[in-house]
Amino acid sequence: MITLSAVDLSLAAGLVLAMAALSWRMQLGLSGQLLIAGTRTVVQLLLIGLVLKALFANVDLLWVTGISLVMLLAAGREVMARQQRRFTGWWGFGMGTGAMFISSFAITVLALTTMVATDPWYDPQYAVPLLGMLLGNTMSGIALALDRLTTTAWQQRAIIEQRLMLGAARLDAIAEIRREAMRSGMMPIINSMAAAGLVSLPGMMTGQILAGSPPLEAVKYQILIMFLISAGTGFGVTAALWLASKRLFDDRDRLRLDKLSGPRR
Amino acid sequence: MVELERPHMSTLNVIDLRTHERGPYSLSIAPGECVSLRGDSGSGKSLLLRAIADLDPHEGQVLLDDMPVTQFTAPQWRKQVALLPAESQWWQDEVGAHFPIEECSWFEPLGFGTETMRWQVSRLSSGEKQRLALARILMNKPRVLLLDEPTASLDADNVITVEKLIEKYRCDTGAAVLWVSHDAQQATRVGNRHLQLTTEGIREDTA
Chain A
1 MITLSAVDLS LAAGLVLAMA ALSWRMQLGL SGQLLIAGTR TVVQLLLIGL VLKALFANVD
61 LLWVTGISLV MLLAAGREVM ARQQRRFTGW WGFGMGTGAM FISSFAITVL ALTTMVATDP
121 WYDPQYAVPL LGMLLGNTMS GIALALDRLT TTAWQQRAII EQRLMLGAAR LDAIAEIRRE
181 AMRSGMMPII NSMAAAGLVS LPGMMTGQIL AGSPPLEAVK YQILIMFLIS AGTGFGVTAA
241 LWLASKRLFD DRDRLRLDKL SGPRR
Chain B
1001 MVELERPHMS TLNVIDLRTH ERGPYSLSIA PGECVSLRGD SGSGKSLLLR AIADLDPHEG
1061 QVLLDDMPVT QFTAPQWRKQ VALLPAESQW WQDEVGAHFP IEECSWFEPL GFGTETMRWQ
1121 VSRLSSGEKQ RLALARILMN KPRVLLLDEP TASLDADNVI TVEKLIEKYR CDTGAAVLWV
1181 SHDAQQATRV GNRHLQLTTE GIREDTA
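Protein sequence lines, in the order shown, are assigned to chains A and B. So the first sequence is numbered by the numbering used here: it starts at 1 and just counts up by one. So the second sequence is numbered by the numbering used here: it starts at 1001 and just counts up by one.
Honestly, I wouldn't trust all of these hints.
To be verified - Calculated from the model, a selection of chain B residues having no Cβ within reach of chain A, i.e. all distances over 12 angstroms: (1) 1040; (2) 1122; (3) 1152; (4) 1156; (5) 1158; (6) 1205.
What the hints assert, rightly or not - Mimicking DSS-like on lysine-lysine, the simulated pairs with C-alpha atoms at most 27 angstroms apart in a straight line are: (7) A:246 to B:1164; (8) A:246 to A:259; (9) B:1079 to A:259; (10) A:53 to A:246.
Note that these hints are calculated values from the structure, not bench results. Here the structure is a predicted model, which means the values were calculated and not measured. Virtual Cβ for every residue (Gly too), placed ideally from N, Cα, C.
Using the sequences plus the hints, can you model the full thing?
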């Protein structure tokens, strides 16, 4: 494996700086954002590198659990921040976080105990990256699906209520909207599974190959990860949509859009 | 023409209903009775109908033949206490997809034929939509009809057709009808009794 030196990274950073300078010349207004994002990448990744290094040196279930919770809460915050109209109160955060907890944690533990079969099962070298990939993808899926559900329900209020007036139960009144929301949550992972290898080399596999793994080993890991992600995203989106659909109505099957906040900004 | 089984007669009772910080409203409609409801725009007529149909949170009691709304599931209640809103909504491409079965016995008296089921919703006029919306709620055989300006978008001939049809349905089934209308003449024509909605509540309109 070829280790990267500080000079190598500086050369790459120079490219970003050049792009920032170009953006400044062209008055694109992107240079500030680009530099801040680039700095964040360096700081955040160095920090997580140090954390992982410490974690790998002291294999301890308590530490692994701790960092998993931090990752979960960050992902939950991210889901909430991406909602055009979020649920008011604790639900805005709890819905996505709860759904991610159920799906990502269950699937990670299942994978660690049966498929990867590390010893101990919570070995952070496997547990943390695996959970990270699952959380990251489930997060995107849930954020997309919830946003689709709530904004469509808001726009189609009259239609949903018309169906309720005709005697439809709440889940029937939003059946199509739920289906559409489920589709938008699942589409990214389905697309990346379909395009894997043909259009793009998945990032994880690329990383393993760069690090010197035999290509077929990397491929097997990538297949495992893709399957875990699609199952995790599917279960997570299903759970989030189930909770959200219940929450959009009350116990008398009335559409309660007052439980959603106004549009952002 | 239209064959109807006769369900038992239905009385609607509304007692001290409060919704959206309005009310309390009380009213009672006997079986087979049509009561007109008038009131200034913004006085809350539509909100009152929505609360009776249990579409909005409310306090107070709504009873159908002395059975409170909570004794029914919400879909059961809304099938029996049917609200026809001023503007109907259609969410599928074809008219027929909005009907539970392929045949609607109400099409003929409203001036439609069996081919209407194949019509595209996007090509319906507002009057056609309104008449089809009436046929659609009658398919549920409601025991109470809550009509929110049902003829506002209709021409004079169709106004008479719809008024006659609702009267026939009411007499044949013993359904109770609450009819919101802006038109004083229509209110007199269709209503057995007349109510006025004010900020203080509902009062009998004897004029």
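Hint-by-hint comparison with the structure:
no., hint, result
1, 1040, "24 angstroms, holds"
2, 1122, "14 angstroms, holds"
3, 1152, "16 angstroms, holds"
4, 1156, "27 angstroms, holds"
5, 1158, "21 angstroms, holds"
6, 1205, "27 angstroms, holds"
7, A:246 to B:1164, "41 angstroms, violated"
8, A:246 to A:259, "11 angstroms, holds"
9, B:1079 to A:259, "26 angstroms, holds"
10, A:53 to A:246, "43 angstroms, violated"
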